[in-house]
Amino acid sequence: MDNQLLNEIKEIFQNGSEEDKDALSSMIKGIRKKQRGECATYLSGITQVSSQFLDDGSFEVIIPIQPLIENPLKMTHGGITATLLDTAMGSMLNLKIAEDKACVTTELKVNYIQPGRGKYLRCIATILHLGKQLCFSEAKVYNDKDKLIASGSGTFFVIPRT
3 MDNQLLNEIK EIFQNGSEED KDALSSMIKG IRKKQRGECA TYLSGITQVS
53 SQFLDDGSFE VIIPIQPLIE NPLKMTHGGI TATLLDTAMG SMLNLKIAED
103 KACVTTELKV NYIQPGRGKY LRCIATILHL GKQLCFSEAK VYNDKDKLIA
153 SGSGTFFVIP RT
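Sequential numbering from 3 applies to the sequence shown in the working numbering.
Calculated from the structure, these hints are not laboratory results. Every value quoted in this text rests on a predicted model; they were computed, and no experiment measured them. Accuracy of the hints is not assured; some may be wrong.
[What the hints assert, rightly or not] The calculated label-pair distances, taken between Cβ atoms and stated as ranges, are:
#1 F55 with R163: 16 to 24 angstroms
#2 Q16 with T128: 42 to 50 angstroms
#3 N5 with D58: 51 to 59 angstroms
#4 K149 with T128: 14 to 22 angstroms
#5 Q135 with E21: 42 to 50 angstroms
#6 K121 with L97: 24 to 32 angstroms
#7 A42 with Q16: 28 to 36 angstroms
#8 F15 with K149: 32 to 40 angstroms
#9 E109 with F15: 40 to 48 angstroms
[As the list claims (entries may be wrong)] Simulated pairs of lysine to aspartate or glutamate, EDC-like, Cα-Cα distance not exceeding 16 angstroms:
#10 K142 with E62
#11 K134 with E101
#12 K76 with D22
#13 K76 with E21
#14 K121 with D146
#15 K121 with E72
#16 K121 with D148
#17 K98 with E62
#18 K12 with D24
#19 K111 with D88
Even glycine gets a Cβ: it sits at the ideal position worked out from N, Cα and C.
Sequences are here, hints too, so could you generate the full structure?
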């Protein structure tokens with residue numbers, strides 16, 4: 003297994019494009035970040051997301067646009083945009099509820115406004131309702147020129163953390 007993986011990586015470096023090498027580098031760096039505990043999931047490490055609460059209480063998640071997340075039309079894949087919305091809303095809710103609980107998505111609605119292009123996408127999530135069993139949130143995704151790319155809302159079920 004180890005030799006096969008090393009041979010595949012070597013082949014990418016010998017025969018791959020610069021874009022292939024950049025994508026591989028992003029994946030390796032993301033896995034290393036997960037190993038070091040710098041991010042909670044491989045996906046957040048690989049996609050290089052960053053997040054923070056804003057002064058107004060909303061929650062911001064930023065993802066750089068890179069070939070790894072683009073579709074064949076050279077725009078951010080719609081599934082990545084949906085994941086960004088879900089991540090922003092779910093992460094914010096999980097940081098607001100009791101530590102022995104977790105919010106999981108039960109419903110996600112996404113409205114795509116325009117293609118996700120530019121240097122990064124920025125998602126801003128807000129809480130509509132923080133309940134004991136159900137939570138509701140909404141979020142908007144903007145590009146680096148502050149143009150609305152997508153909006154969404156989600157329903158989250160509160161479960162015991164195991």
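Each hint tested on the structure:
1. A hinted range of 16 to 24 angstroms for the beta carbons of F55 and R163 is consistent with their spacing of about 20 angstroms.
2. Between Q16 and T128 the Cβ separation comes to about 48 angstroms, which falls inside the hinted range of 42 to 50 angstroms.
3. Separated by about 53 angstroms at the C-beta atoms, N5 and D58 satisfy the suggested range of 51 to 59 angstroms.
4. Separated by about 19 angstroms at the C-beta atoms, K149 and T128 satisfy the suggested range of 14 to 22 angstroms.
5. With their beta carbons about 46 angstroms apart, Q135 and E21 fall inside the hinted range of 42 to 50 angstroms.
6. Separation of K121 from L97 is about 26 angstroms and conforms to the stated range, judged on CB atoms against 24 to 32 angstroms.
7. A hinted range of 28 to 36 angstroms holds for the C-beta pair A42 and Q16, which are about 34 angstroms apart.
8. Between F15 and K149 the CB atoms are about 37 angstroms apart, so this pair conforms to the stated range of 32 to 40 angstroms.
9. Roughly 43 angstroms separates the CB atoms of E109 and F15, a value that falls within the hinted 40 to 48 angstroms.
10. A hinted pair counts as satisfied when its Cα atoms are at most 16 angstroms apart, and K142 with E62 qualifies at roughly 10 angstroms.
11. Restraint check: the Cα-Cα separation between K134 and E101 comes to about 13 angstroms, which is no more than 16 angstroms; the hinted pair holds.
12. Between K76 and D22, the direct Cα distance comes to roughly 15 angstroms. Compliance with the 16 angstroms bound is thereby established for this hinted pair.
13. For the hint linking K76 to E21, the alpha-carbon distance of about 12 angstroms falls within 16 angstroms, and the restraint holds.
14. For the proposed pair K121 and D146, the alpha carbon gap of about 6 angstroms is at most 16 angstroms, so the pair holds.
15. Between K121 and E72, the direct Cα distance comes to roughly 12 angstroms. Compliance with the 16 angstroms bound is thereby established for this hinted pair.
16. A hinted pair counts as satisfied when its Cα atoms are at most 16 angstroms apart, and K121 with D148 qualifies at roughly 11 angstroms.
17. Our distance criterion of 16 angstroms between C-alpha atoms is met by K98 and E62, whose separation comes to about 14 angstroms.
18. Between the alpha carbons of K12 and D24 the distance comes to roughly 14 angstroms, so the proposed pair stays at or under 16 angstroms and holds.
19. For the proposed pair K111 and D88, the alpha carbon gap of about 9 angstroms is at most 16 angstroms, so the pair holds.
Hint compliance for this structure: no hint is broken.
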